[in-house]
Amino acid sequence: MKNPLWAGCLFLLVTSTLSASNNNYPIGSRASAMGNASSTFENVFANFHNQAGLAGVNRFGVGIAYKNNFLLRETGLKSAALAIPIKSVGVIGVNVSSFGFDQYAENKYGLAFAKKFGKVISMGLQLDYMQTRFTEPYGSKGVLFGQFGIRGQLTEELAIGVHVYNPTRTNLDKNLNDRVPTILKSGISYAFNERLITVFEIEKDLESKMNLKAGAEYGIHEKFDLRFGVNSLQRKISFGAGINLDDWEIDLASEYHQALGFVPNMSIRWQIKRND
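For the sequence shown, the numbering used here assigns the number -11 to the initial residue and increments by one for each residue that follows.
Hints were generated in silico from the structure; no laboratory data involved. Every residue, glycine too, gets a C-beta built ideally from N, C-alpha and C. Hints should not be assumed to be uniformly reliable.
Said to hold, decoys possible - Here are the computed lysine-lysine pairs in the BS3-like style, where the Cα-Cα straight-line distance is at most 25 Å:
hint, residue 1, residue 2
1, LYS75, LYS261
2, LYS103, LYS261
3, LYS66, LYS224
4, LYS75, LYS103
5, LYS129, LYS103
6, LYS129, LYS66
7, LYS107, LYS75
8, LYS224, LYS192
9, LYS129, LYS211
10, LYS261, LYS104
11, LYS75, LYS104
To be verified - Label pairs and their computed distance ranges (CB to CB):
hint, residue 1, residue 2, range
12, MET198, ASP166, 21 to 27 Å
13, LEU142, ASP166, 23 to 29 Å
14, VAL77, GLN246, 45 to 51 Å
15, LEU99, ARG47, 34 to 40 Å
16, LEU221, LEU142, 24 to 30 Å
17, LYS197, GLU144, 30 to 36 Å
18, LYS192, SER128, 25 to 31 Å
19, PHE122, LYS192, 26 to 32 Å
All chains, please: the whole structure from these sequences, using the hints.
See below:
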């Protein structure tokens, strides 16, 4: 991409719509389809949502995801994650995400650890390194920061989750006051039965308005789920489906922004075969 005006327009479009640059971008199509109300989820993508959810992963797992923001190749968000359970110790998570184009790019690398404390409480934390790259003369900058979360399985049907992203309010560039956002969120999920799950979440970026998110998942078949969700801050609706193939799960979703249109995305999860 050589046109600086086009690059600048892309940068403003994406960063304004995704709430901020240097952000904690939502990852994974199951979460996307359910309004990104994901602080109670237990799968490999808990690397990106609430690390406490990794404690519920009992098999080695891999996840990859791609989000095509506004149907533009230059604004695609690519992500991958691992969940590595270690018996009697906990679960290690490794994750990476990449977003950007020639004139601007963000890369984030994370190392997480999660552990269950009894049958109810799980806790997780993560150390992140984020690198932001501009074209010359600005160059690139990198910063270390953390995040942590707690998850509670209060009953078989009811779970809660709390997560804090960048609690230290770390700056990417103190001279420019370019701050990695500090984001607080708290969510709840309730399973009415084996087929129907609902989720609700409140999210607050300290420099933005409160965001209310809600979603639902309905299993119309043991191998096929339908999902939908809403997101108040960006006035988005979302929908999608999941296909369960034993050790594989393929998730498809799309978010619809009233002003900017559709944001399709896809993710794939795989877990090592269970030894029965």
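Against the structure, the hints:
no., hint, result
1, LYS75 <-> LYS261, "holds, 16 Å"
2, LYS103 <-> LYS261, "holds, 22 Å"
3, LYS66 <-> LYS224, "holds, 21 Å"
4, LYS75 <-> LYS103, "holds, 11 Å"
5, LYS129 <-> LYS103, "violated, 32 Å"
6, LYS129 <-> LYS66, "holds, 20 Å"
7, LYS107 <-> LYS75, "holds, 16 Å"
8, LYS224 <-> LYS192, "holds, 17 Å"
9, LYS129 <-> LYS211, "violated, 44 Å"
10, LYS261 <-> LYS104, "holds, 22 Å"
11, LYS75 <-> LYS104, "holds, 11 Å"
12, MET198 <-> ASP166: 21 to 27 Å, "holds, 23 Å"
13, LEU142 <-> ASP166: 23 to 29 Å, "violated, 39 Å"
14, VAL77 <-> GLN246: 45 to 51 Å, "holds, 47 Å"
15, LEU99 <-> ARG47: 34 to 40 Å, "violated, 20 Å"
16, LEU221 <-> LEU142: 24 to 30 Å, "holds, 27 Å"
17, LYS197 <-> GLU144: 30 to 36 Å, "holds, 35 Å"
18, LYS192 <-> SER128: 25 to 31 Å, "holds, 30 Å"
19, PHE122 <-> LYS192: 26 to 32 Å, "holds, 29 Å"
Taken one by one, the earlier hints fail for this structure at numbers 5, 9, 13, 15, listed in ascending order.
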